[in-house]
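A.B. asks: Based on the sequences and whatever the hints tell you, model everything.
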Amino acid sequence: SQQGEEDPQALSIQEGENATMNCSYKTSINNLQWYRQNSGRGLVHLILIRSNEREKHSGRLRVTLDTSKKSSSLLITASRAADTASYFCATDAGNQFYFGTGTSLTVIP
Amino acid sequence: NAGVTQTPKFQVLKTGQSMTLQCAQDMNHEYMSWYRQDPGMGLRLIHYSVGAGITDQGEVPNGYNVSRSTTEDFPLRLLSAAPSQTSVYFCASGGTGPWNEQFFGPGTRLTVL
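These protein sequence lines are chains A and B, in that order. Position 82 (the first sequence) corresponds to 517 in the numbering used here; numbering is contiguous. Position 9 (the second sequence) corresponds to 108 in the numbering used here; numbering is contiguous.
These aren't lab readings, by the way, just hints derived from the structure by calculation. In this text, a Cβ means the ideal position worked out from N, Cα and C, and glycines have one as well. Among these hints, one or two may not hold up.
Here are the in silico distance ranges between beta carbons for each label pair [said to hold, decoys possible]:
hint: 1; chain 1: B; residue 1: Gly162; chain 2: A; residue 2: Gly494; range: 36 to 42 Å
hint: 2; chain 1: B; residue 1: Pro174; chain 2: A; residue 2: Ala528; range: 21 to 27 Å
hint: 3; chain 1: B; residue 1: Pro160; chain 2: A; residue 2: Lys491; range: 30 to 36 Å
Here's a subset of chain B near chain A, in silico, CB distances under 8 Å, partners left out [what the hints assert, rightly or not]:
hint: 4; residue: Pro107
hint: 5; residue: Phe109
hint: 6; residue: Met140
hint: 7; residue: Leu144
hint: 8; residue: Gly196
hint: 9; residue: Pro197
hint: 10; residue: Phe203
hint: 11; residue: Gly204
Listed below are several chain A residues computed to face chain B (Cβ distance under 7 Å; list not exhaustive) [as the list claims (entries may be wrong)]:
hint: 12; residue: Gln531
hint: 13; residue: Ser539
hint: 14; residue: Thr541
C.D. replies: Here's what the structure looks like:
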């Protein structure tokens, strides 16, 4: 399987703190995307970073990509209770899409 | 726009029964895909389609069939349900391929007894 892995599996922080989660993948990629899933809901796209990019920002989100290490990180700054969710990285190879196992983030008010 | 819709939301089947999970999108996306989500496993790709009349297998296709007769619809068929197919199923669509942002449906929670 080309499935990636997220680290940590679970993360609990206080509101206002920053949250960092990491993703490692196995093969060369074209793009890497991050998605959020609230409990019992579908996934929502957060950000896409292309293989020739090293860093990307979107609001309170910062994503980095290191293709030499086959890894990416997602930083959520100034976290809010509403950020409580599971976060998944996903990579595309050809026409197929591979998700990581996810990080469960709990933000405590 | 309704986005990606899935029906039913919940389904209970007995072993050996067959059923079709419906998926429709109104965004004129060429690329559509089906995933199953099991605890601790993330989402795994079952089948995908790059356009009407074109489908292909993903990571875990066994026990499932798909067809794509229109751009809008991408049904997933369980041929003979097994307890191992108990899962949450998500349909997604996105542009012309997985290199585009993917839009997900709300999911179907399937239990096979």
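A.B. asks: Given B:Gly204 was flagged as interface, is its beta-carbon under 8 Å from a beta-carbon of chain A?
C.D. replies: Holds: closest Cβ of chain A sits about 6 Å from B:Gly204, inside 8 Å.
A.B. asks: Classify the hint on A:Gln531 as holds or violated, based on whether any CB of chain B lies nearer than 7 Å to its CB.
C.D. replies: The hint holds - A:Gln531 has a Cβ within 7 Å of chain B, the shortest such distance being about 6 Å.
A.B. asks: May I ask you to test the interface hint for B:Phe109 with respect to chain A, counting a Cβ-Cβ separation under 8 Å as satisfied?
C.D. replies: Result: violated, 11 Å to nearest chain A Cβ.
A.B. asks: Regarding the hint that B:Pro197 lies at the interface with chain A, is the smallest CB-CB distance below 8 Å?
C.D. replies: With a closest approach of 4 Å, the B:Pro197 hint holds.
A.B. asks: Measuring from the C-beta of A:Thr541 to each C-beta in chain B, is the shortest one below 7 Å?
C.D. replies: violated, 17 Å
A.B. asks: Hint validation: B:Gly196 versus chain A, beta carbon distance must be below 8 Å. Holds or violated?
C.D. replies: Result: holds, 6 Å to nearest chain A Cβ.
A.B. asks: Are A:Ser539 and chain B close enough, Cβ to Cβ, to be under 7 Å, as the hint says?
C.D. replies: It is violated, given that the least Cβ distance between A:Ser539 and chain B is near 11 Å, above 7 Å.
A.B. asks: Tell me if the interface restraint on B:Leu144 is satisfied: Cβ within less than 8 Å of some Cβ in chain A.
C.D. replies: Holds. Min distance 6 Å.
A.B. asks: Given a cut of 8 Å on the nearest C-beta pair, is the interface hint for B:Phe203 held or broken against chain A?
C.D. replies: Hint holds; B:Phe203 Cβ to chain A Cβ min 4 Å, cut 8 Å.
A.B. asks: Quick one, is the B:Pro107 hint okay against chain A at 8 Å, beta carbons?
C.D. replies: Violated, because the Cβ-Cβ distance from B:Pro107 to chain A comes to roughly 15 Å (cut-off 8 Å).
A.B. asks: Could you see if the CB distance from B:Pro174 to A:Ala528 stays within 21 to 27 Å?
C.D. replies: holds, 26 Å
A.B. asks: Can you let me know if the beta-carbon spacing of B:Gly162 and A:Gly494 is within 36 to 42 Å?
C.D. replies: holds, 41 Å
Hints 4, 5, 13, 14, counting from the list given before, are not met by this structure.
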